[in-house]
Amino acid sequence: ELKVEQNPLFLSMQEGKNYTIYCNYSTTSDRLYWYRQDPGKSLESLFVLLSNGAVKQEGRLMASLDTKARLSTLHITAAVHDLSATYFCAVLKTSGSRLTFGEGTQLTVNP
Amino acid sequence: DAGVTQSPTHLIKTRGQQVTLRCSPKSGHDTVSWYQQALGQGPQFIFQYYEEEERQRGNFPDRFSGHQFPNYSSELNVNALLLGDSALYLCASSMFYEQYFGPGTRLTVT
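Top to bottom, those sequences are chains C and L. The working numbering numbers the first residue of the first sequence as 96 and each following residue consecutively. The working numbering numbers the first residue of the second sequence as 24 and each following residue consecutively.
Honestly, I wouldn't trust all of these hints.
Derived DEER-like restraints, expressed as beta-carbon distance ranges [said to hold, decoys possible]:
hint	chain 1	residue 1	chain 2	residue 2	range
1	C	Val175	L	Thr28	42 to 50 Å
2	L	Asn100	C	Gly135	33 to 41 Å
3	C	Glu110	L	Asp85	44 to 52 Å
4	C	Val175	L	Asn100	24 to 32 Å
5	C	Glu110	L	Pro84	24 to 32 Å
6	L	Arg80	C	Pro206	43 to 51 Å
7	L	Leu106	C	Asp133	24 to 32 Å
Covered by chain L, per the in silico footprint, the following chain C stretches (three or more residues, Cβ under 8 Å) [as the list claims (entries may be wrong)]:
hint	stretch
8	122 to 128
9	153 to 159
10	192 to 206
Keep in mind the hints are simulated off the structure, nothing from the lab. Values in this document were obtained by computation on a predicted structure and should not be read as measured data. C-beta atoms are modelled at their ideal positions from N, C-alpha and C, and glycine is treated no differently.
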């Protein structure tokens, strides 16, 4: 059974600081996704990582994938308050299969 | 393109009642998956429909059932509602590796 673990589960950081969220998964997979969720809202797609060594960046967020280590990271650079949300990683084992989600990382950026 | 749509947005039901949630996938997508997200947790896979058949199912009881129509839209039915069924229900439409989520239906069981 595919398992996905995120850490930390809770992250409180100051504006302007950098931090990394980690996502480990237990078996080989085809794709890794990062989503953002604001309270009471649905999931907003941030990144889709397709292959080993993939790196994608959008604004202050950068995601990477190491399929050999079964590890993805979401790096936050110079955090701002607007980044406060819960971030989920999710793994797609094969095309057409289900997404398996991590527990989520609740990020709070303080002024 | 309207993207993935879900209805209703919010719903309040009483224990023991039955509920039907609806989802219309993104244009061109032929696969619909349903997820349950309890407060403070990650989404949990309920089941997936493709070509009007249930293709995969997660660890949910038979009280949870679904249907997919020829136009690829889908329904999620939950019978004999329990308090623990209170959650955000998310529909995702997909084709190959694309995955798009709808806005969700917030179900409250009292």
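Checked hints:
1. Val175(C) with Thr28(L): 42 to 50 Å: At 31 Å between Cβs, range violated.
2. Asn100(L) with Gly135(C): 33 to 41 Å: violated (24 Å)
3. Glu110(C) with Asp85(L): 44 to 52 Å: Cβ of Glu110(C) to Cβ of Asp85(L): about 49 Å, so the range 44 to 52 Å holds.
4. Val175(C) with Asn100(L): 24 to 32 Å: Since Val175(C) and Asn100(L) have Cβ atoms about 43 Å apart, the given range 24 to 32 Å is violated.
5. Glu110(C) with Pro84(L): 24 to 32 Å: Given a distance of about 46 Å, which is not inside 24 to 32 Å, the answer is violated.
6. Arg80(L) with Pro206(C): 43 to 51 Å: Holds: the Cβ-Cβ distance is about 46 Å, inside 43 to 51 Å.
7. Leu106(L) with Asp133(C): 24 to 32 Å: The hinted range 24 to 32 Å holds for Leu106(L) and Asp133(C), with Cβ atoms some 26 Å apart.
8. 122 to 128: holds (count 3)
9. 153 to 159: Answer violated; 0 residues pass the 8 Å Cβ test.
10. 192 to 206: With 8 residues in contact (Cβ-Cβ under 8 Å with chain L), the coverage given for the stretch 192 to 206 of chain C holds.
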